[in-house]
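Visitor: Build the full structure now, drawing on both the sequences and the hints.
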Amino acid sequence: MSVAEGVDRQRRLILGFVGIVLAAILALLVLDLPGSDVVTVGALERAIQAATPIALAAIGGLYAEKSGVFNIGLEGFMIFGALTGAAAAWIISGSGSVSQADLWFGLLAAAVVCGILTIIYAILLVRFEADQIVAGLAVWFIGLGFGPFAATVVWGGVSSPSLPNIDNLTIPVLADVPVLGRLFFDASPLVLATIVLAVVSWVVLFRTRYGFWVQAAGENPEALDTAGVDVNRVRYATVVFSGVMAGIGGAVLSIGLGSGFTGTGVTMVDGRGWIGIVAYLFGNYNPLGAYGASLLFGAMDMLQIQFQTIGIALPASITGLFPYVAVLIVLAAVGYTRVPAAVGEPYDKEE
Amino acid sequence: MSRTGLGTVRAIADRIADRMLSASVLERLALAVASTILALLIGAIIVAASGYDAVEFVSALVFGAVGNLSNIAFTLRQSTMLILTGVAVAVAFRAGVFNIGVQGQFVVGGLAGTLAVLVLVPLLPAGVATGVAIMALAALAAIIAGGAYAALPGMMKAYAGANEVITTIMLNFIAAGVVYFLIDAYLKPPGAAAPNTAAFPDYVDLPGVAFGSPSFSVIGLGIALLTVLVVYVLMARTSFGYDLVTSGHQEPAAKYSGVDPKRMIVRTMTISGMVAGLAGAMFAIMILGYYSDPNSFPTFGFDAIAVSLLGANNPLAVVPAGILFGGLDAGGQYIGFTLDVPSELVDGVIGLIVLFVAVPELFRMAGRYTGLGGEHQ
Chain A
1 MSVAEGVDRQ RRLILGFVGI VLAAILALLV LDLPGSDVVT VGALERAIQA
51 ATPIALAAIG GLYAEKSGVF NIGLEGFMIF GALTGAAAAW IISGSGSVSQ
101 ADLWFGLLAA AVVCGILTII YAILLVRFEA DQIVAGLAVW FIGLGFGPFA
151 ATVVWGGVSS PSLPNIDNLT IPVLADVPVL GRLFFDASPL VLATIVLAVV
201 SWVVLFRTRY GFWVQAAGEN PEALDTAGVD VNRVRYATVV FSGVMAGIGG
251 AVLSIGLGSG FTGTGVTMVD GRGWIGIVAY LFGNYNPLGA YGASLLFGAM
301 DMLQIQFQTI GIALPASITG LFPYVAVLIV LAAVGYTRVP AAVGEPYDKE
351 E
Chain B
352 MSRTGLGTVR AIADRIADRM LSASVLERLA LAVASTILAL LIGAIIVAAS
402 GYDAVEFVSA LVFGAVGNLS NIAFTLRQST MLILTGVAVA VAFRAGVFNI
452 GVQGQFVVGG LAGTLAVLVL VPLLPAGVAT GVAIMALAAL AAIIAGGAYA
502 ALPGMMKAYA GANEVITTIM LNFIAAGVVY FLIDAYLKPP GAAAPNTAAF
552 PDYVDLPGVA FGSPSFSVIG LGIALLTVLV VYVLMARTSF GYDLVTSGHQ
602 EPAAKYSGVD PKRMIVRTMT ISGMVAGLAG AMFAIMILGY YSDPNSFPTF
652 GFDAIAVSLL GANNPLAVVP AGILFGGLDA GGQYIGFTLD VPSELVDGVI
702 GLIVLFVAVP ELFRMAGRYT GLGGEHQ
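Protein sequences appear in the order of chains A and B.
Position 11 (the first sequence) corresponds to 11 in this note's numbering; numbering is contiguous.
Quick note: to get this note's numbering, add 351 to the position in the second sequence (first position is 1).
To be clear, the hints were calculated from the coordinates, so they are not data collected in a lab.
Even for Gly, the Cβ is constructed at its ideal location relative to N, Cα and C.
Heads up, a few of these hints could be off.
FRET-style restraints, in silico, Cβ to Cβ [said to hold, decoys possible]: (1) B:E407 <-> A:T40: 49 to 59 angstroms; (2) A:I116 <-> B:A550: 47 to 57 angstroms; (3) A:V112 <-> B:V584: 47 to 57 angstroms; (4) A:S259 <-> B:I393: 24 to 34 angstroms; (5) B:E407 <-> A:L174: 56 to 66 angstroms; (6) B:E407 <-> A:V343: 37 to 47 angstroms; (7) A:V179 <-> B:A550: 49 to 59 angstroms; (8) B:T721 <-> A:I123: 11 to 21 angstroms; (9) A:D167 <-> B:I393: 35 to 45 angstroms; (10) A:S259 <-> B:L392: 53 to 63 angstroms; (11) A:A316 <-> B:V584: 37 to 47 angstroms; (12) A:T264 <-> B:A544: 16 to 26 angstroms; (13) A:D167 <-> B:S410: 46 to 56 angstroms; (14) B:S590 <-> A:A313: 50 to 60 angstroms.
Derived list of chain A stretches under chain B, where covered just means 3 residues or more per stretch with a C-beta under 8 angstroms from a C-beta of chain B [as the list claims (entries may be wrong)]: (15) 117–129; (16) 326–333.
Guide: Structure representation (structure tokens):
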């Protein structure tokens with residue numbers, strides 16, 4: 001118990017620290033104090049945008065792990081989502097000018113394709129009791145291989161040409177609210193939708209019967225089985241949900257906020273799926289916490305632009321590493337997350 | 352083979368199948384073969400579905416791997432790297448530690464080896480003996496650096512509970528970024544545009560001996576095989592190796608026999624990283640002859656995961672698995688050069704192999720369904 005309490009205190013300390021930083025940032029902005037040129041509304045806007053794909057993957061992965069399946073394949077599904085989104089929009093547009101409707105179709109296609117791929121993956125994990133870590137890594141490798149391969153089939157190169165992205169949505173009246181208006185109500189609809197999703201996910205997980213099933217599948221599958229709920233069916237649902245979310249996250253990256261698919265190196269997803277896993281661990285399996293952690297990593301990702309604006313010249317190869325370093329610090333600080341009891345264990349009804 | 356002979360084989364296979372819950376050597380072999388064949392089959396189907404010629408793809412793959420002497424040399428060169436990195440992965444996986452950071456440890460080790468060469472060359476007279484001494488010291492530097500870079504996530508896992516899969520992946524990104532920065536900012540010759548260090552002198556290179564390839568040396572392959580042997584003896588024939596494997600799979604048992612599981616995690620990671628570091632020195636000295644932007648390197652450290660898993664994380668089995676993957680890699684690159692089939696396809700096929708190896712139950716069920724316990728052999 002004392003360990004758990006210690007961890008709890010540690011977590012509160014960290015959350016407190018994050019809160020203080022956020023409050024300080026807001027104070028800087030509102031009072032226009034010196035130093036506010038590091039933290040600008042533009043910076044927050046970029047951070048929230050960068051957080052969006054990470055948060056989508058994190059919320060999905062959180063549900064899967066809560067139900068007892070560690071979906072370590074998030075990164076791979078994000079690659080498939082990024083590719084499918086861009087490719088579907090490109091193909092439906094007739095390889096010409098991509099319209100807004102085409103982009104939304106691409107987003108939908110990414111969700112559907114990743115959903116189908118995750119069904120196969122979920123069957124391997126749940127029905128055939130695959131090693132969750134190895135199979136998840138395999139999804140990443142498959143994405144790293146077939147993503148750029150498929151891009152070459154579609155575009156003749158591992159990256160797509162420059163594509164448009166989904167237009168901002170301006171909500172009248174609310175958009176005129178200072179700071180918040182620009183951040184949320186004159187922004188990409190995907191940004192706002194992700195925040196809404198985080199709230200809804202929290203409500204479903206902690207306030208509905210279905211959410212209790214998800215938690216029970218991960219904590220005490222025998223009890224859930226005794227109560228007459230099919231444990232594996234719950235797990236199928238959460239894993240497929242996590243794949244769909246990661247797929248949408250990838251598509252948000254390529255055509256939601258970005259400008260097409262990049263397949264060089266480790267592709268444009270570039271570790272965001274892995275960061276998504278850390279985001280929900282840091283958020284202590286709470287969708288709102290996961291969103292907050294995604295925001296932190298998103299801000300780290302965008303820090304290089306802020307450094308440039310205030311004239312600190314660090315090479316991009318170094319500033320680009322901030323999110324990864326942040327992940328290491330976070331994991332070292334909150335490593336002792338209380339993982340759901342039955343994570344990684346296949347559930348056999350007969351036994 | 353006679354009918355009764357077949358019957359006997361079948362009876363044996365069935366008997367093995369009965370005991371299959373604990374994986375036997377034969378089952379592991381069957382799993383590896385079946386996974387590879389199934390993955391290649393799916394790869395060929397995808398090639399055909401994408402509008403390429405699948406038969407041409409497969410024949411080019413084989414020709415690229417073993418078609419002529421220089422292709423074989425290229426295969427063995429890739430195999431050398433995959434065997435070394437594969438053993439690095441196997442050490443960790445065997446002990447239940449998922450070191451996904453072999454790529455990063457390899458990159459850091461290679462840099463350390465390169466620095467040793469670049470520092471020592473101006474200090475010592477040129478010559479064969481100097482070359483051997485410099486290479487030995489470079490290998491030592493690489494082993495130390497690789498071990499240290501792996502000890503870090505080991506300590507984070509042991510003492511802070513940080514998931515090593517994620518920390519090692521992050522450290523891969525960080526290694527690539529920092530090494531690129533160091534080369535680009537400090538190590539490239541003045542005025543050069545490309546992020547490459549100065550070239551090593553001729554005497555700092557492993558002699559080809561046979562094959563006549565400038566980037567493959569039989570000695571390099573020999574060093575890789577020697578490393579396999581050392582790691583195998585360490586793991587299978589010493590009490591340290593015993594503790595290492597038990598602490599990974601039966602932590603309570605290991606604790607009773609007085610093993611500190613936390614220290615074992617750090618040691619496991621360190622040894623794994625040391626082998627990965629040696630692979631980095633091999634890459635810098637045998638293959639490149641200079642050092643460069645790690646983002647442009649082949650992903651030996653990732654393919655090594657497939658190699659190790661295919662060999663059931665057994666150091667000896669890493670050798671045939673490494674040679675197979677060396678051939679796949681060489682064949683894949685040949686396809687990239689000659690046909691217009693993108694070479695990334697082979698990366699995807701390797702991913703599929705890893706996926707299938709993770710699901711032995713799939714093949715067991717297929718075996719039961721076809722009535723034969725063993726495998727479709």
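Visitor: For each hint, tell me whether it holds in the structure or not.
Guide: Status of the hints after comparison with the structure:
Evaluation of the 49 to 59 angstroms hint for B:E407 and A:T40 yields a pass: the beta carbon distance comes to about 56 angstroms. About 50 angstroms separates the C-beta atoms of A:I116 and B:A550, a value consistent with the hinted range of 47 to 57 angstroms. In this structure, A:V112 and B:V584 meet the distance hint of 47 to 57 angstroms, their C-beta atoms being roughly 53 angstroms apart. In this structure, A:S259 and B:I393 meet the distance hint of 24 to 34 angstroms, their C-beta atoms being roughly 32 angstroms apart.
Our hint of 56 to 66 angstroms for B:E407 and A:L174 holds, since their Cβ atoms are close to 59 angstroms apart. Between B:E407 and A:V343 the C-beta distance comes to about 45 angstroms, which sits within the given range of 37 to 47 angstroms. Here the CB-CB span from A:V179 to B:A550 is close to 55 angstroms, well matched to the stated 49 to 59 angstroms. Checking the proposed 11 to 21 angstroms range against B:T721 and A:I123 shows it holds: the Cβ atoms sit about 19 angstroms from each other.
At about 39 angstroms, the beta-carbon gap between A:D167 and B:I393 stays in the expected band of 35 to 45 angstroms. Separation of A:S259 from B:L392 is about 37 angstroms and departs from the stated range, judged on CB atoms against 53 to 63 angstroms. Take A:A316 and B:V584: their Cβ atoms lie about 46 angstroms apart, and the range 37 to 47 angstroms holds. The supplied range of 16 to 26 angstroms is met by A:T264 and B:A544, whose beta-carbon atoms lie about 19 angstroms from each other.
For the hinted restraint 46 to 56 angstroms between A:D167 and B:S410, the CB-CB distance of approximately 49 angstroms keeps it satisfied. Roughly 54 angstroms separates the CB atoms of B:S590 and A:A313, a value that falls within the hinted 50 to 60 angstroms. With a threshold of 8 angstroms between beta carbons, the proposed coverage of the segment 117–129 of chain A by chain B holds, since 3 of its residues qualify and at least three are required. Coverage of the segment 326–333 of chain A by chain B holds [criterion: at least 3 residues with CB-CB distance below 8 angstroms; count 5].
Figure legend: structure checked against the earlier numbered hints; the only hint not met is number 10.
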